[in-house]
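Chain A is already provided as a structure; the job is to place chain B with the ligands on it using the hints.
Chains as they are written, first to last, in full-length UniProt numbering: chain A, 1 to 185; chain B, 1 to 185.
What the hints contain is simulated information worked out from the structure, not anything from laboratory work. Among the hints, erroneous ones may be present.
From the structure, some residues in chain A lie toward chain B, with a derived Cβ separation under 8 Å [unchecked claim]:
1) 2
2) 4
3) 6
4) 21
5) 74
What follows is a set of in silico ranges between Cβ atoms, one per label pair, in the way DEER data are often shown [stated by the list, open to error]:
6) 88/B / 33/A: 17 to 27 Å
7) 140/A / 175/B: 36 to 46 Å
8) 60/B / 173/A: 28 to 38 Å
9) 60/B / 63/A: 40 to 50 Å
10) 176/A / 139/B: 45 to 55 Å
Partner residues aside, some chain A positions facing chain B, computed with beta carbon under 10 Å [stated by the list, open to error]:
11) 3
12) 7
13) 11
14) 18
15) 35
16) 36
17) 37
18) 39
19) 72
20) 73
21) 75
22) 79
23) 102
24) 113
25) 169
26) 171
Note that beta-carbon positions come from the ideal geometry of N, C-alpha and C, so glycine has one too.
2 protein chains.
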Amino acid sequence: MNFCSHCAGRVSLRIPPGDRLPRFVCEACGTVHYENPRIVAGCIPEWEGRVLLCRRAIEPRRGLWTLPAGFMEKGESADEAAARETFEEAQARVEVLGLYTLYNLPHISQVYLMYRARLLDGVFAAGEETLEADLFDESMVPWDDIAFPTVRETLMHFFADRRRGRFDVRTGTIGPAPWQRPPAP
Amino acid sequence: MNFCSHCAGRVSLRIPPGDRLPRFVCEACGTVHYENPRIVAGCIPEWEGRVLLCRRAIEPRRGLWTLPAGFMEKGESADEAAARETFEEAQARVEVLGLYTLYNLPHISQVYLMYRARLLDGVFAAGEETLEADLFDESMVPWDDIAFPTVRETLMHFFADRRRGRFDVRTGTIGPAPWQRPPAP
Ligand SMILES: [Zn+2]
Ligand SMILES: [Zn+2]
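Next comes chain A alone, as it looks inside the complex:
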């Protein structure tokens, strides 16, 4: 951030009076520009016992498999965001059944909210950011080609909890993946 989005004045990074953290503060009009973590909302969409996964057509992690998920928008709820992303990425209409996992990713200031869901009619197709979408039995999940640790964790818990017959909400904090860590010095 270089300039104030309100008045185009220069901003500088400093701790405003009464605050604890450095913020971008406008030197002209005094506006404090806060930055906040972002929510990624997605689904574990089920159809006849199988789970719908998408192969990513975009970076990061192009070519790898993920659950449909994306940034929550202003004016919607997290479950609406999860259903919207499922339609955008996998062209699938779902009923959202309930919150299932909350993962913090503090190194990239994201919070993942993943919801259990069921396809309404079994229809799906690759959306614009997806190379292909497909339904997987637990035994067919491409575990070595899952795009993100949050998705791997969510899927592993999901199948275990489904066998157990009970889905409690699971939460956790996940650090950088190997491909996100800086190389050793």
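Only chain B with the ligands this time, still in chain A's reference frame:
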């Protein structure tokens, strides 16, 4: 938003190619400025069966009672944010026990994440944004002077679930409070 925070160019509100929603796009450098919902994280801090509430020293809802909560910062997890806000607003150190409620407030683009917690040592005091802090038995909660619907809902569920002896995560979407709605035409 009037100007680009990157180059100080004028921004205009339009739908970028491949997008679905209007965004602030810089007419000079093309940067798309996304806006996202914000997370409010807080605690239901318990000590010897009583719950710690704070009377707000700031607007909105100055003078009314709330659970300690505030905006999550970049680089922290939601449970860390909940504990930090509890210390800032009520000078109380807590152990966070688990996620308890998730409430969507789409009309103001916020997601509330409230955690069960217990005071480590029973010590508390009013923080800078708090007029007074106090511990309340269920029968003493000032129900008519609770600041926010999210806090009221969280507290009502909390006491019911505590009697029941089981705390499942509760989620929901809450619309504008009466004092947030525009006056009837
Ligand atoms: Zn300014
Ligand atoms: Zn620009």
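query = Taking 10 Å as the limit, does the beta-carbon of residue 75/A come near enough to a beta-carbon in chain B?
reply = Nearest chain B Cβ about 5 Å off; hint holds.
ask   = Hint check: is the beta carbon of residue 113/A less than 10 Å from a beta carbon of chain B?
value = For residue 113/A, the interface hint holds, since the closest Cβ of chain B sits about 8 Å away, which is under 10 Å.
request  = Report holds or violated for the interface hint on residue 2/A, using the least CB-CB distance to chain B and a cut-off of 8 Å.
outcome  = holds, 6 Å
query = Once the shortest beta carbon distance from residue 169/A to chain B is found, is it less than 10 Å?
reply = Result: holds, 4 Å to nearest chain B Cβ.
message = Interface hint check: residue 35/A, Cβ to nearest Cβ on chain B, cutoff 10 Å. Holds or violated?
response = holds, 6 Å
task = Against chain B, run the beta carbon of residue 4/A and see if the smallest gap drops under 8 Å.
result = holds, 7 Å
request  = Hold the hint about residue 74/A up to the distance rule: shortest CB distance to chain B must be less than 8 Å.
outcome  = This interface hint holds because 4 Å falls under the 8 Å limit.
query = Hey, does the residue 39/A contact hint survive, CB to chain B under 10 Å?
reply = holds, 6 Å
request  = Go through the hint on residue 72/A and say holds or violated, using the shortest Cβ distance to chain B against 10 Å.
outcome  = Since the shortest Cβ distance to chain B is 5 Å, the answer is holds.
ask   = Holds or violated: is the Cβ of residue 6/A closer than 8 Å to a Cβ in chain B?
value = holds, 6 Å
message = Can you verify the interface hint for residue 11/A: is its Cβ closer than 10 Å to any Cβ in chain B?
response = holds, 8 Å
ask   = Does 45 to 55 Å hold as the CB distance between residue 176/A and residue 139/B, or does it fail?
value = Distance hint for residue 176/A, residue 139/B holds at roughly 48 Å.
The structure agrees with every numbered hint stated previously.
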